[in-house]
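Those protein sequence lines, which keep their order, are chains A and B. Residue numbers for the first sequence follow this note's numbering, so the first one is 1 and each next one is one higher. Residue numbers for the second sequence follow this note's numbering, so the first one is 1001 and each next one is one higher.
Hints listed in this document are in silico derivations from the structure and should not be mistaken for laboratory results. Glycine included, each C-beta is placed from N, C-alpha and C at the ideal position. Some hints could be false.
BS3-like cross-link-like pairs, simulated, lysine-lysine; straight-line CA separation at most 27 Å [said to hold, decoys possible]: (1) B:LYS1319 to A:LYS120; (2) A:LYS31 to B:LYS1319; (3) B:LYS1345 to B:LYS1399; (4) B:LYS1371 to B:LYS1394; (5) B:LYS1319 to A:LYS115; (6) A:LYS31 to B:LYS1327; (7) A:LYS326 to B:LYS1031; (8) A:LYS31 to B:LYS1166; (9) B:LYS1120 to A:LYS319; (10) B:LYS1010 to A:LYS319; (11) A:LYS319 to A:LYS31; (12) A:LYS319 to A:LYS120; (13) B:LYS1031 to A:LYS319; (14) B:LYS1062 to B:LYS1048; (15) B:LYS1345 to B:LYS1223.
From the structure, some residues in chain A lie toward chain B, with a derived Cβ separation under 8 Å [to be verified]: (16) SER28; (17) SER30; (18) GLY34; (19) GLY133; (20) PRO135; (21) GLY143; (22) ALA145; (23) GLU227; (24) ALA230; (25) SER294; (26) HIS301; (27) PRO302; (28) SER309; (29) ALA313; (30) HIS316; (31) ILE321.
Number of protein chains: 2
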Amino acid sequence: MSDAQATPVKVAILGFGTVGSSVARILSDSKPQGVELTHIFNRSVARKKVDWVSAGVVWTEKIDDVLASPVDVVLELAGGLDPAGEWVRRALEAGKSVVTANKKLIAEHGIALDKLARSKGCNLFYGAAVAGGVPVIPGLQQGLAGDQILRIEGILNGTCNFILSKMEDGAELAPVLKEAQSLGYAEADPTEDVGGFDARAKLVILSRIALRADLTTNEVPCKSITEIAAVDFAYAREMGCTIRQISRAELHGSEVLATVGPMLVPQASPLAWSRGTENMVLVGGTYGGDVVFSGHGAGGHPTAVAVVSDLLAIVHGSKTIDLPSKKAGVSGDFLLRHYIRFIVKDRPGIIAQIAGALAEQEINIHAILQKPGHTKANLPFVVIVEPCPSSALKRALEKIATLDCLLEPTLDLQILEPEAEA
Amino acid sequence: MSDAQATPVKVAILGFGTVGSSVARILSDSKPQGVELTHIFNRSVARKKVDWVSAGVVWTEKIDDVLASPVDVVLELAGGLDPAGEWVRRALEAGKSVVTANKKLIAEHGIALDKLARSKGCNLFYGAAVAGGVPVIPGLQQGLAGDQILRIEGILNGTCNFILSKMEDGAELAPVLKEAQSLGYAEADPTEDVGGFDARAKLVILSRIALRADLTTNEVPCKSITEIAAVDFAYAREMGCTIRQISRAELHGSEVLATVGPMLVPQASPLAWSRGTENMVLVGGTYGGDVVFSGHGAGGHPTAVAVVSDLLAIVHGSKTIDLPSKKAGVSGDFLLRHYIRFIVKDRPGIIAQIAGALAEQEINIHAILQKPGHTKANLPFVVIVEPCPSSALKRALEKIATLDCLLEPTLDLQILEPEAEA
Chain A
1 MSDAQATPVK VAILGFGTVG SSVARILSDS KPQGVELTHI FNRSVARKKV
51 DWVSAGVVWT EKIDDVLASP VDVVLELAGG LDPAGEWVRR ALEAGKSVVT
101 ANKKLIAEHG IALDKLARSK GCNLFYGAAV AGGVPVIPGL QQGLAGDQIL
151 RIEGILNGTC NFILSKMEDG AELAPVLKEA QSLGYAEADP TEDVGGFDAR
201 AKLVILSRIA LRADLTTNEV PCKSITEIAA VDFAYAREMG CTIRQISRAE
251 LHGSEVLATV GPMLVPQASP LAWSRGTENM VLVGGTYGGD VVFSGHGAGG
301 HPTAVAVVSD LLAIVHGSKT IDLPSKKAGV SGDFLLRHYI RFIVKDRPGI
351 IAQIAGALAE QEINIHAILQ KPGHTKANLP FVVIVEPCPS SALKRALEKI
401 ATLDCLLEPT LDLQILEPEA EA
Chain B
1001 MSDAQATPVK VAILGFGTVG SSVARILSDS KPQGVELTHI FNRSVARKKV
1051 DWVSAGVVWT EKIDDVLASP VDVVLELAGG LDPAGEWVRR ALEAGKSVVT
1101 ANKKLIAEHG IALDKLARSK GCNLFYGAAV AGGVPVIPGL QQGLAGDQIL
1151 RIEGILNGTC NFILSKMEDG AELAPVLKEA QSLGYAEADP TEDVGGFDAR
1201 AKLVILSRIA LRADLTTNEV PCKSITEIAA VDFAYAREMG CTIRQISRAE
1251 LHGSEVLATV GPMLVPQASP LAWSRGTENM VLVGGTYGGD VVFSGHGAGG
1301 HPTAVAVVSD LLAIVHGSKT IDLPSKKAGV SGDFLLRHYI RFIVKDRPGI
1351 IAQIAGALAE QEINIHAILQ KPGHTKANLP FVVIVEPCPS SALKRALEKI
1401 ATLDCLLEPT LDLQILEPEA EA
């Protein structure tokens, strides 16, 4: 673009952590035409200074100085709702475009911020907010806008995928979680990741873009992966499946079926092939069928690629396709097969009682699996039920929970159905 | 966009075949805001008329009428270099934006047409030219512009993938090719597909966008998949591999290593998982690592999704990120392991002669495989050689070709190396 070449676009980085310094590194290495890094903001910025960024860059811990400067584009890489949300709002109000990797902010306030950006004639890009370096958001906004997407299934949290794919290879949860923490994949308090809340924010963003449905984040049910044990992988394998944290959303009229949590995934599904910290998103379109995106979702460099790509889009005058989304109610009531694992002190009549409680809710049993090698005093076994509403199963499991023989809370996982062959 | 709502963008479809009618169908069904289909052009247009498009649409067989009309965007869906190329040029010269699915035209003349479009202040989009409904081009242009991509590996021809994945399941080439023709996947003359020329045009386009390297199409070596026999799948399986038509390009300074043809692909590679007419593209970035896109690459509806998405991008004022590409030389001289299959009338001394010819070129033998169940009069066996330049191997095979024992031309396939684990 000739404009870009004439006057460089002035850029500020807010937050010089892993992603912020990767962005500065890419800009220093590749020196894209028409881009000038002018400010780096961080709390206690002195300890952050590095010698490889251009000497002209202003290092500052005063956000007001950045927002009052002639900076054109602000890269918000601090994360969290506060104070990052306030900085983004103030930047947009000052007519500055914003690129952010902040999934929480975009899930909660994306619609209002989009509106603010448009009213000020500037741009808000957040390609890095979902799946880091995998261009899912640009792919959906730019490449699949012509389809009507009805279904999203994703592996949106690299930490959970790291943990579950290690457990698939035989590891136990607790040591793998520790390993993930020591590698920097998981926080000291891993609740956001393992509890599904991180993936949920990303699912809300994808639902808005792909299904054009605005969900209320708190309404999407989450289940933690910490309930999964090694024995569940053994049973899953017997069924030709593995276990992954899956974020799903399906459009049904004005309602969206949505859940986040561990699910049984058939080995034949691409979602079963993701290993380590990989992210993967599958979208199902009315016209184009299934499309799969995968790659490295997390880490400084992949996320920074998405941020720099968004920055270049702004510099080159690109606009996102602004397709209207609508408020949608959330239901977790998928009609799916379920895997239900019990751990009991064995005695006669348990199966009869469980079968009775399921029959009361008109739920059919598809199979009962019991692997050898366990004692009667601490016996895991699995019941597979035919497709049934999650709500009916919940009622049955509430009744079953009152049985005296249960040694641990019952684990109930949805089973992802294999897609029809292409 | 308020502009889009005020005055609808007038759209013409050139070519009402499978893709053209799918585009009209999607526009009729989804009625995107700000878009008005005004013209449908085809030779002998009367036989093409359908009753489900808006009554106001002008059906015409006169291209001049379309180009002289106030149409804003032309969707070129006729394909081929002539006369489609002439229509695209004339449309751009008249200040009309163009969306095209024409891989041949974009591979050959994309740079000149891009320049023409920019000089006229209009847009040229061709997201449908590679991998149909899989948003590889928008994903690369919009989502990975911030990375430095050094490597592309793709399954870019659905017909070849259909044939090879059926052969993997035990079918022979000739009947599968017939089946592909009866299903409409392959033309009566399948040379474009099986010979690799269709995939090569797409590889040239991807190299320009991802590697920013302009290749001369004819310089990229192609090998036909018709040399592959059932016995090759049997040997590939023994090596933990399958066979796929792979289009590859790797940037090395100002030179690009590029080839199209059947290759041995490790079962652990995502490229081995593609089935049927699926397309798949893997790009390797300096910062973001590997990213994989996959989905339905061919057929009316998936291709139409890409065309409509490009149209919406234009309507919403989006621009492609125009990153400069450079002329690059092509080499086919990858340093890879090779699978070499001989069919001989057995006699003493054959292995010694073959090994001697390889040794003269300093090529090491990694393994010799010979499955039982074949007669000495018609004996297939396989030599796996360690990584060597294709050019050295070519010299060795030329010498081996003079041996009197060879019953068929020798088959030489590159072996794709498995990527390092994430």
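Query raised in the report: Is the Cα-Cα distance between LYS31 of chain A and LYS1319 of chain B 27 Å or less?
Result: holds, 21 Å
Query raised in the report: Are the Cα atoms of LYS319 of chain A and LYS120 of chain A separated by 27 Å or less?
Result: holds, 14 Å
**Report entry** Pairwise hint evaluation, LYS1031 of chain B against LYS326 of chain A, where the allowed Cα distance is 27 Å at most
**Finding:** holds, 17 Å
Report task. Please work out if LYS1345 of chain B and LYS1223 of chain B have their alpha carbons no farther apart than 27 Å. Result -> Holds. LYS1345 of chain B to LYS1223 of chain B sits at ~26 Å (cutoff 27 Å).
Query raised in the report: Is the straight-line distance between the alpha-carbon of LYS1031 of chain B and that of LYS319 of chain A 27 Å or less?
Result: holds, 21 Å
Query raised in the report: Does SER309 of chain A pass the interface check with chain B, least Cβ-Cβ distance below 8 Å?
Result: With a closest approach of 4 Å, the SER309 of chain A hint holds.
Report task. Return the status of the interface hint for ALA145 of chain A: holds when the least beta-carbon distance to chain B is below 8 Å, violated otherwise. Result -> Holds: closest Cβ of chain B sits about 5 Å from ALA145 of chain A, inside 8 Å.
Query raised in the report: Quick one, is the PRO135 of chain A hint okay against chain B at 8 Å, beta carbons?
Result: holds, 2 Å
Requested in this report: Compare the distance between the alpha carbons of LYS319 of chain A and LYS31 of chain A with 27 Å, and conclude whether the hinted pair is satisfied.
Outcome: holds, 22 Å
Query raised in the report: Against chain B, with CB atoms and a cut of 8 Å, does the hint on GLU227 of chain A hold up?
Result: The hint is violated - GLU227 of chain A has no Cβ within 8 Å of chain B, the shortest such distance being about 26 Å.
Query raised in the report: Per the CB criterion, is SER28 of chain A less than 8 Å away from chain B?
Result: violated, 12 Å
Query raised in the report: Does LYS1327 of chain B lie within 27 Å of LYS31 of chain A when you go C-alpha to C-alpha?
Result: The hint holds at about 21 Å.
In summary, the structure is inconsistent with hints 8, 16, 18, 23, 24 from the numbered list given earlier, while agreeing with the others.
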